[in-house]
Amino acid sequence: MATLQIDNIIKRFGTVTVIPELSLTVKDREFCVLVGPSGCGKSTLLRIIAGLEAINAGRLLVDGRDVSALAPPERGIAMVFQSYALYPHMDVNRNMGFGLEISRTPRNEIVSRVARAAESLHLGKFLRRRPRELSGGQRQRVAIGRAITRKPTLFLLDEPLSNLDAALRVNMRVEIARLKEELNSTMIYVTHDQVEAMTLADRIVVMNEGRIEQVGAPLELYEQPGNRFVAGFLGSPAMNFLSGTVAQVADGAARVDLTAGTSVMIPLAGRVETGQFVELGIRPEHIKLNEDDDGVPVSGRAAIVEMLGSDTFVHVRLGDETIVVRDSHGRRIGKGLDVDLRLPVEACYLFDQTGLRVSRLNGLAEAA
Amino acid sequence: MSETAQLPRRSHSVARLTNFAFVLPAVVLFVVFIAYPILWVAQNSLLSAGSEGGTRYAGLTHYIDILSNPTFWTVVRNMFLWGVITIPVQMVIGGVLAYCIERHTRAWRGFFRTAFFLPVVTSVSVVSLVWVQIYAPYYGIAQEYLKHIGITLTYSPIGDPKTAIYALIIVNIWQWTGFSMLMYIAGIANMPPEVLDAARVDGARGWRLAVHVIIPMLAPSTKSLLMLGVIGTLQTFPIVHLMTGGGPNCASEVFGTFIFKQSFILGDTGSGAALSVLVLMIALVLSVLQIVFLGTQQSSAKGRSA
Amino acid sequence: MTRISRSSAKSLALHATLFVVLGFWMLPLVYMVSVGLRSPSQAFDPVLFAWPVTFANFITVIRDNPLTGIFLNSLIITVATVITVVSVSALFAFACSVLRLRGSLVIYATLLTTLMVPLASLVLPLAILLKTFGWVNTYWGLIFPYSALGVPFAIVILKAFMDDSPKELFDAARVDGCSSWQTFWHVALPLVRPALVFVAIWQFIVTWNEFFLALIVLTRAEMKTLTIVPMQYSGLYMANPGALFAILTLIALPLIFLYVLVQRAFVRGLLAGAVKG
Chain A
1 MATLQIDNII
11 KRFGTVTVIP
21 ELSLTVKDRE
31 FCVLVGPSGC
41 GKSTLLRIIA
51 GLEAINAGRL
61 LVDGRDVSAL
71 APPERGIAMV
81 FQSYALYPHM
91 DVNRNMGFGL
101 EISRTPRNEI
111 VSRVARAAES
121 LHLGKFLRRR
131 PRELSGGQRQ
141 RVAIGRAITR
151 KPTLFLLDEP
161 LSNLDAALRV
171 NMRVEIARLK
181 EELNSTMIYV
191 THDQVEAMTL
201 ADRIVVMNEG
211 RIEQVGAPLE
221 LYEQPGNRFV
231 AGFLGSPAMN
241 FLSGTVAQVA
251 DGAARVDLTA
261 GTSVMIPLAG
271 RVETGQFVEL
281 GIRPEHIKLN
291 EDDDGVPVSG
301 RAAIVEMLGS
311 DTFVHVRLGD
321 ETIVVRDSHG
331 RRIGKGLDVD
341 LRLPVEACYL
351 FDQTGLRVSR
361 LNGLAEAA
Chain B
369 MSETAQLPRR
379 SHSVARLTNF
389 AFVLPAVVLF
399 VVFIAYPILW
409 VAQNSLLSAG
419 SEGGTRYAGL
429 THYIDILSNP
439 TFWTVVRNMF
449 LWGVITIPVQ
459 MVIGGVLAYC
469 IERHTRAWRG
479 FFRTAFFLPV
489 VTSVSVVSLV
499 WVQIYAPYYG
509 IAQEYLKHIG
519 ITLTYSPIGD
529 PKTAIYALII
539 VNIWQWTGFS
549 MLMYIAGIAN
559 MPPEVLDAAR
569 VDGARGWRLA
579 VHVIIPMLAP
589 STKSLLMLGV
599 IGTLQTFPIV
609 HLMTGGGPNC
619 ASEVFGTFIF
629 KQSFILGDTG
639 SGAALSVLVL
649 MIALVLSVLQ
659 IVFLGTQQSS
669 AKGRSA
Chain C
675 MTRISRSSAK
685 SLALHATLFV
695 VLGFWMLPLV
705 YMVSVGLRSP
715 SQAFDPVLFA
725 WPVTFANFIT
735 VIRDNPLTGI
745 FLNSLIITVA
755 TVITVVSVSA
765 LFAFACSVLR
775 LRGSLVIYAT
785 LLTTLMVPLA
795 SLVLPLAILL
805 KTFGWVNTYW
815 GLIFPYSALG
825 VPFAIVILKA
835 FMDDSPKELF
845 DAARVDGCSS
855 WQTFWHVALP
865 LVRPALVFVA
875 IWQFIVTWNE
885 FFLALIVLTR
895 AEMKTLTIVP
905 MQYSGLYMAN
915 PGALFAILTL
925 IALPLIFLYV
935 LVQRAFVRGL
945 LAGAVKG
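Chains as they are written, first to last, in this note's numbering: chain A, 1 to 368; chain B, 369 to 674; chain C, 675 to 951.
No lab work stands behind these hints, which were simulated from the structure alone.
Just so it is clear, CB atoms sit at the ideal spot from N, CA and C, and this is done for glycine as well.
A couple of the hints might just be wrong.
To be clear about the criterion: a stretch of chain B counts as covered by chain C if any three or more of its residues have a C-beta under 8 Å from a C-beta of chain C, and this derived list gives those stretches [to be verified]:
# : segment
1 : 398-408
2 : 472-486
3 : 515-521
4 : 566-573
5 : 603-609
Only part of the chain A face toward chain C is listed, based on derived beta-carbon distances under 7 Å [said to hold, decoys possible]:
#  : residue
6  : Leu52
7  : Pro72
8  : Pro73
9  : Met79
10 : Phe81
11 : Ser83
12 : Ala85
13 : His89
14 : Phe98
15 : Gly99
16 : Ile102
17 : Thr105
Make the full structure from the sequences, and use the hints.
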């Protein structure tokens with residue numbers, strides 16, 4: 001149980017600034033996911049929180065106490081590493097109890113804590129085994145178990161599932177969700193996988209180039225992305241972007257002429273000027289393939305059709321641009337056929353040339 | 369670097385002191401027993417014993433004396449022969465043995481690996497004395513058995529100024545080939561099997577496989593052996609000291625025995641020091657040459673994977 | 675069928691060749707033992723084997739010579755050197771590779787240059803230095819110079835191993851609250867165990883067999899090591915090669931036995947990349 005407050009921290013490696021002035025507050029018992037493309041500084045930020053990296057400026061506060069100068073164990077943290085970082089020469093039992101051993105916890109206390117963690121993670125049978133005698137999933141659970149035994153106030157996880165194969169990853173995701181309910185501690189979880197971010201997080205922090213792009217609940221970020229980066233990062237397949245120019249601004253709405261050849265009226269929240277370059281964003285699942293539906297009509301040619309059974313992804317060429325349409329109705333669309341699409345205006349976002357969203361909250365979000 | 373960030377640690381001063389302790393022993397050993405002696409020889413090579421037990425500056429006299437001493441040039445020739453014969457011969461024999469043992473034996477692999485390495489762990493003084501006996505005239509087995517294949521040795525090969533150095537080189541090769549073998553075994557064992565499979569798919573077999581795939585892939589082993597061979601050559605002492613004492617008539621003198629004689633038998637500290645400096649400089653030049661021609665791999669050791 | 679029999683015939687031929695080569699290779703050692711097992715009347719026969727064998731030489735030389743004391747001198751100097759080299763170089767490699775102490779890489783580069791320094795060029799100044807210290811004819815007089823000369827090579831190997839160890843393990847140790855010393859002891863050392871074993875065995879072989887410095891530093895008979903005593907016996911037993919070779923065999927045996935015992939661990943360390951190539 002702890003509140004983490006990151007206060008204007010700056011991190012440089014030599015002359016390269018990795019994190020230029022960043023602040024963030026993680027609430028008590030919150031499951032906070034740091035997400036972003038690789039190299040965005042999310043892992044560095046986690047290592048800073050852990051005390052593995054020094055900071056060049058700023059402060060870190062846990063429950064109001066400045067921990068910037070404290071060593072990792074004094075911060076009350078535990079960490080699960082991407083490669084698990086299990087000590088290869090120690091058995092599971094000692095791996096899980098090693099931190100307690102170092103902090104001179106009484107023997108019987110170590111035994112009982114390790115036993116409890118092992119039971120909760122179904123590791124009881126493997127306590128005498130060395131890491132190399134375990135499967136990937138089991139190693140992952142030992143790594144988590146090692147963190148649990150420390151009873152951390154801050155639980156840090158660095159891409160914990162990225163070394164697992166797809167099937168196991170789904171299992172472990174469920175496991176971590178269960179743990180989150182059980183443990184009641186503040187968790188900070190780094191991933192580049194947006195599915196993990198969406199399913200696990202209470203709050204998502206989207207990072208890019210060392211900066212925080214947006215912070216919010218998963219659906220909030222999904223439905224109300226503040227900028228083009230967040231809009232494009234969350235969602236799979238990613239949001240489609242169509243370029244266009246503002247033809248007219250009137251009555252809090254802009255008429256946008258798309259390069260693809262149609263005009264759309266979008267309600268505005270920000271400022272745009274006539275003649276300005278803009279991008280229209282729309283998620284694949286919101287585009288309709290049925291001519292009878294409402295929305296702005298556009299037509300193109302189906303270039304690639306990916307049929308997944310439950311869904312069909314159609315990549316439609318519109319002039320020089322391609323947009324992806326997700327259809328869940330089991331329609332069969334032939335490759336190379338002309339298709340007519342409808343873009344529902346209430347599902348459209350508008351971004352200015354700096355990437356900032358200028359459209360009003362879209363209709364879908366308002367309805368929710 | 370204006371990096372002021374400090375890694376969080378318990379207590380800075382205590383941590384710094386502890387860390388100091390990790391580095392200190394190595395530094396002390398280096399300074400006292402390597403750096404200081406090097407500086408000492410550099411200084412003393414320029415000094416001579418003066419009147420009343422003092423020393424006086426002698427300039428380059430010792431160097432000139434050494435360089436004009438014909439024995440020095442015999443030593444240089446011997447060291448050159450030593451390196452140029454020993455290193456490649458050991459590589460070839462060691463490499464062939466390693467290849468046969470590693471790629472074509474299973475049950476006996478450990479046995480062969482160990483057996484061929486035994487001369488390396490046999491005390492060099494034992495080796496030298498045994499070989500003196502082998503080479504000996506009248507009762508040595510070398511001339512007795514070589515007679516059967518048509519080679520007659522009228523006297524001991526180490527007693528003839530023309531053959532002494534070669535006879536010593538043979539002993540050295542015999543003793544150290546097992547080491548080359550083991551280094552190549554390590555190289556072969558660490559070769560990724562996929563590459564060999566790929567070569568086989570490409571149709572490389574037998575000789576072509578060896579020349580175009582295996583030998584180039586053993587380059588790290590070869591480079592290390594070259595470096596160790598050069599050091600080993602410059603270190604040469606016991607075999608020569610024990611078998612010929614540098615003789616006959618200085619014909620088999622090497623740096624080790626020459627330094628030993630100048631410094632400890634003649635007691636001429638100045639020229640002993642000058643000679644030591646010359647050896648150091650040769651070592652330096654040779655290592656620079658190796659780095660220039662073979663890349664920056666500074667040492668025999670390298671990580672398992674990048 | 676033909677293919678299998680052909681390949682097994684090839685393998686048989688190869689094994690036979692290897693055995694023949696090995697037979698020739700082992701001649702000097704076989705000869706050493708063989709002469710040691712002869713009676714004085716046969717000792718000068720220029721043959722590889724002579725019958726009958728007798729252990730008389732071995733009994734005589736063991737009875738007449740303080741071999742145990744000499745053996746202990748070698749053992750003390752070697753073991754102390756091995757311990758010093760392994761601990762000093764492991765500490766330094768850790769400082770360089772894991773702690774990344776400022777300046778440690780510069781020192782590392784300096785130490786590397788000494789890999790190429792031949793002992794021959796240091797013998798004279800070391801002899802004078804040890805005289806100044808009053809360390810002539812002492813164990814220290816060899817242990818410290820040997821350690822200094824062995825440390826650079828050991829550091830290179832141990833550092834390469836530590837550089838290759840997963841960095842996250844050392845991070846995990848910090849999260850677990852280990853001090854530098856605890857990380858070194860509980861994490862780094864066990865991780866590079868094969869390299870430590872390799873370095874220890876190699877240093878043992880090198881130190882046990884070192885001749886030049888021992889010859890100069892150890893002048894008192896009771897301090898001498900196994901490597902430098904054969905010389906004096908070659909004079910003593912000039913007329914009795916049987917006894918000389920018996921003593922040479924006894925001097926060579928300890929290290930050969932030791933190597934046979936540890937060769938598996940030694941080769942394992944080597945294959946694990948202690949000396950890549």
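Each hint tested on the structure:
1. Given as covered by chain C, the segment 398-408 of chain B passes the check, having 8 residues with a CB less than 8 Å from a CB of that chain where 3 are the minimum.
2. Coverage of the segment 472-486 of chain B by chain C holds [criterion: at least 3 residues with CB-CB distance below 8 Å; count 11].
3. Counting residues of the segment 515-521 of chain B whose C-beta lies closer than 8 Å to any C-beta of chain C gives 0; at least three are required, and the coverage claim is violated.
4. For the segment 566-573 of chain B, the proposed coverage by chain C is not satisfied: 0 residues have a C-beta within less than 8 Å of a C-beta in that chain, short of the threshold of three.
5. For the segment 603-609 of chain B, the stated coverage by chain C holds: 5 residues have a C-beta nearer than 8 Å to a C-beta of that chain, and at least 3 were required.
6. Restraint check, A/Leu52 versus chain C: the minimum CB separation of about 5 Å is within 7 Å; hint holds.
7. Interface restraint check: A/Pro72 against chain C, minimum CB-CB distance 5 Å, threshold 7 Å, status holds.
8. Taking 7 Å as the C-beta cut-off, the interface hint given for A/Pro73 holds, the closest approach to chain C being about 3 Å.
9. At its closest, the beta carbon of A/Met79 sits 5 Å from a beta carbon of chain C; the interface hint therefore holds under the 7 Å criterion.
10. A distance limit of 7 Å between C-beta atoms decides the matter here; for A/Phe81 the minimum to chain C is near 4 Å, and the interface restraint holds.
11. At about 5 Å, the closest approach between the beta carbon of A/Ser83 and any beta carbon in chain C falls short of 7 Å, and the interface hint on this residue holds.
12. Against a cut-off of 7 Å between C-beta atoms, the interface hint on A/Ala85 holds, since the closest Cβ of chain C lies about 4 Å away.
13. A distance limit of 7 Å between C-beta atoms decides the matter here; for A/His89 the minimum to chain C is near 4 Å, and the interface restraint holds.
14. For A/Phe98, the suggested interface contact is upheld, since its CB lies about 5 Å from the closest CB of chain C, less than 7 Å.
15. Restraint check, A/Gly99 versus chain C: the minimum CB separation of about 4 Å is within 7 Å; hint holds.
16. Among the interface hints, the one on A/Ile102 holds; its C-beta lies about 5 Å from the nearest C-beta in chain C, closer than the 7 Å criterion.
17. Hint on A/Thr105 is violated. Least Cβ distance to chain C is approximately 11 Å, over the 7 Å limit.
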